[in-house]
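Peer 1: Sequence:
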Amino acid sequence: MTAHPGGRPWPGAFISLEGGEGAGKSTQIRLLERKLRARGLDVLTTREPGGVPAAEALRTLLLTGGQDQWTVTSEALLMTAARVEHWHKKIAPALTQAQWVLCDRFSDSTIAYQGIAGGLGVDRVKALQAWALGTAEPDLTLVFDIPAAQGLQRTEHRAGTQAGERRFEDKGETFHNRIAEAYRQIAKENPLRCTLINADQPVGIVESQVWAAVASRFSLPA
Numbered sequence: 339m340t341a342h343p344g345g346r347p348w349p350g351a352f353i354s355l356e357g358g359e360g361a362g363k364s365t366q367i368r369l370l371e372r373k374l375r376a377r378g379l380d381v382l383t384t385r386e387p388g389g390v391p392a393a394e395a396l397r398t399l400l401l402t403g404g405q406d407q408w409t410v411t412s413e414a415l416l417m418t419a420a421r422v423e424h425w426h427k428k429i430a431p432a433l434t435q436a437q438w439v440l441c442d443r444f445s446d447s448t449i450a451y452q453g454i455a456g457g458l459g460v461d462r463v464k465a466l467q468a469w470a471l472g473t474a475e476p477d478l479t480l481v482f483d484i485p486a487a488q489g490l491q492r493t494e495h496r497a498g499t500q501a502g503e504r505r506f507e508d509k510g511e512t513f514h515n516r517i518a519e520a521y522r523q524i525a526k527e528n529p530l531r532c533t534l535i536n537a538d539q540p541v542g543i544v545e546s547q548v549w550a551a552v553a554s555r556f557s558l559p560a
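Positions in the sequence shown are counted from 1; adding 338 to them yields the numbering used here.
Any given hint could be a false lead.
In silico BS3-like pairs for lysine-lysine, Cα to Cα no more than 27 Å straight-line [what the hints assert, rightly or not]:
hint, residue 1, residue 2
1, Lys464, Lys509
2, Lys526, Lys509
3, Lys427, Lys464
Treat the hints as calculated values from the structure; they're not laboratory data.
Assemble the whole structure, with the sequences as input and the hints as a guide.
Peer 2: See the structure below:
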């Protein structure tokens, strides 16, 4: 059974990776998955919004189209609807089966993007998440910190981005500066759950920081 700080009602482990656009989460989640599998652990990698068919459909609606397609309130509601489907149909069942779940974004993204940067309000988003998901949250959240300008530059050159999924990337540097600061605030306010990772470094150095945080939290050998 996994060692959980504070205790959790599931035998698996739940790790979320958070950060602004171009922070390197997609690269690091693959590297972390590889390390965990090499140690004989059963790993499920997933993403938000998405992870299950209904949530993937909402992902397309949320990440494509014009800037004025959704109000920030609608974004928060749709993100949360996708998360409820994802949690109940994929994440929670995996955790009860003792799997390690690695999730590219979870509730902190809605707090950062809609609650703080979008101006909806942290308390309002937290209340929505609590109503929809109860106390569900990751055992560990890795927050990838990178200057907004550097992250946005990376998104212009990265391969594999699905066509048209640039609605948030295209909101501009001012918005993304607020996102970066929002994540720093989230990490500072949740020190037991969150570890801030300096993502403005070579991939190998970031990978080492990630593994140090995971190994420490779950008492794994280095």
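Peer 1: Straight-line Cα separation of Lys464 and Lys509 no greater than 27 Å?
Peer 2: 23 Å, holds
Peer 1: If you draw a straight line from the CA of Lys427 to the CA of Lys464, is it 27 Å or shorter?
Peer 2: 22 Å, holds
Peer 1: Between Lys526 and Lys509, is the straight-line Cα distance small enough, at 27 Å or below?
Peer 2: 25 Å, holds
Figure legend: structure checked against the earlier numbered hints; every hint is met.
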